[in-house]
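K.L.:
Sequential numbering of the sequence shown, starting at 181, is according to the numbering used here.
Bear in mind the hints are in silico, worked out from the structure with no lab data behind them.
In this text, a Cβ means the ideal position worked out from N, Cα and C, and glycines have one as well.
Do not take every clue at face value.
Unchecked claim - The calculated label-pair distances, taken between Cβ atoms and stated as ranges, are: (1) 288 / 539: 44 to 52 Å; (2) 232 / 385: 40 to 48 Å; (3) 283 / 385: 25 to 33 Å; (4) 402 / 485: 16 to 24 Å; (5) 364 / 321: 48 to 56 Å; (6) 340 / 482: 31 to 39 Å; (7) 366 / 435: 48 to 56 Å; (8) 489 / 351: 39 to 47 Å.
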Amino acid sequence: MSLALDLESKSIIENTLRRFITESYEPTARHQRLKQREVDCLLHWPLLAELGVLGLPFDEAFGGLGGASVDVADALVVLARGLVFEPFVEAAIISGGILAARQDVQQREQAITRVIDGSSVTMTLGGRPGLPGELAYRKIPGGYRVSGTSCVVPFAEQADFWLLAAVDADGIPAVLRVPRREISASISGYRLMDGRPAADVSFDEATIPSSGVWIEGDAACQALRLASLRAVSAYCADAVGVMAMLVENTGEYLRTRVQFGVAIGTFQALQHRFADMHMRLIEAQAIARELAISIDEGTSEDQAWLRFAAASVVERAARLIGHEAIQMHGGMGVTDELIVSHCNARLVVLTRLIRAWVDEEVPLRT
181 MSLALDLESK
191 SIIENTLRRF
201 ITESYEPTAR
211 HQRLKQREVD
221 CLLHWPLLAE
231 LGVLGLPFDE
241 AFGGLGGASV
251 DVADALVVLA
261 RGLVFEPFVE
271 AAIISGGILA
281 ARQDVQQREQ
291 AITRVIDGSS
301 VTMTLGGRPG
311 LPGELAYRKI
321 PGGYRVSGTS
331 CVVPFAEQAD
341 FWLLAAVDAD
351 GIPAVLRVPR
361 REISASISGY
371 RLMDGRPAAD
381 VSFDEATIPS
391 SGVWIEGDAA
401 CQALRLASLR
411 AVSAYCADAV
421 GVMAMLVENT
431 GEYLRTRVQF
441 GVAIGTFQAL
451 QHRFADMHMR
461 LIEAQAIARE
471 LAISIDEGTS
481 EDQAWLRFAA
491 ASVVERAARL
501 IGHEAIQMHG
511 GMGVTDELIV
521 SHCNARLVVL
531 TRLIRAWVDE
541 EVPLRT
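Given only the sequences and the hints, what does the whole structure look like? Please build it.
P.N.:
If you want it as structure tokens, here you go:
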């Protein structure tokens, strides 16, 4: 396993993230933000840029920190404990990786620099293998026309730029980069179960100039394949961090909640159920880390089956841990005042996002 960051650098980053969560995502303050009609999901975006967090996935040549995929995953496990609203995965990891695939060095560096310094937010629409045939494009004199609908796009309305992953009539993929406000689109916004914004975005023969093509053909296919791997890895790491917090909180509750004169953690039935939670967490941690390592070191075959395995194992673990945490806390486990309900909501959303980036056909490993 290769670590692009040394242990001291990793420790500094993780401690920085813990301090960020403590100072910016205190549970009561987070709950107050969540109760607002519209959650400002970019409130702490400039701070994350200032702390250097947004540069973690990018090479040092672009001004980033040069973190490997496993470094990014480890950081996400820590950041997950804040149940943050900011689009770190979507803007820096998924879209940032696609931006880095541009061959034109100057344009690539300009785009990535704006991601790292937090001056622009880019979201990817389409290109998710679990939702095939979302967007289509065709060439016209001087540009392109895009049609189709991309559903459940996190932070679509908050983005400055969109990356439209589309295919033409011959099945040739392309990624088109366009300022959000300069393209005709129908946007239906809403909030996900965990309070973060998302939208369904529809295009009806929307016009994009020729300069809007970011990558196409084999380069686009490769970039989207890598984006899929990074998306699943990042969301799995995020889910692992949330599950770890739930297991810790539930364990503490079992040790301190007293019934019939004893802590309920002494009841054998609850001990067995808690052991199942812990076992599922360990399984999810192992497969999520293996997937992250494979992105930089594994073969395409390893990456393909690990992506499916991670999605399946993490989804199963998230469902069990989330449900059991609520059950063991009793009725208050579903209240907004307890962090358990918010963790479960985040896990539900994360498992759906993971599935959107996974192919429907499972590859067989020979």
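K.L.:
Tell me, which hint numbers fail for this structure?
P.N.:
1, 5 and 8
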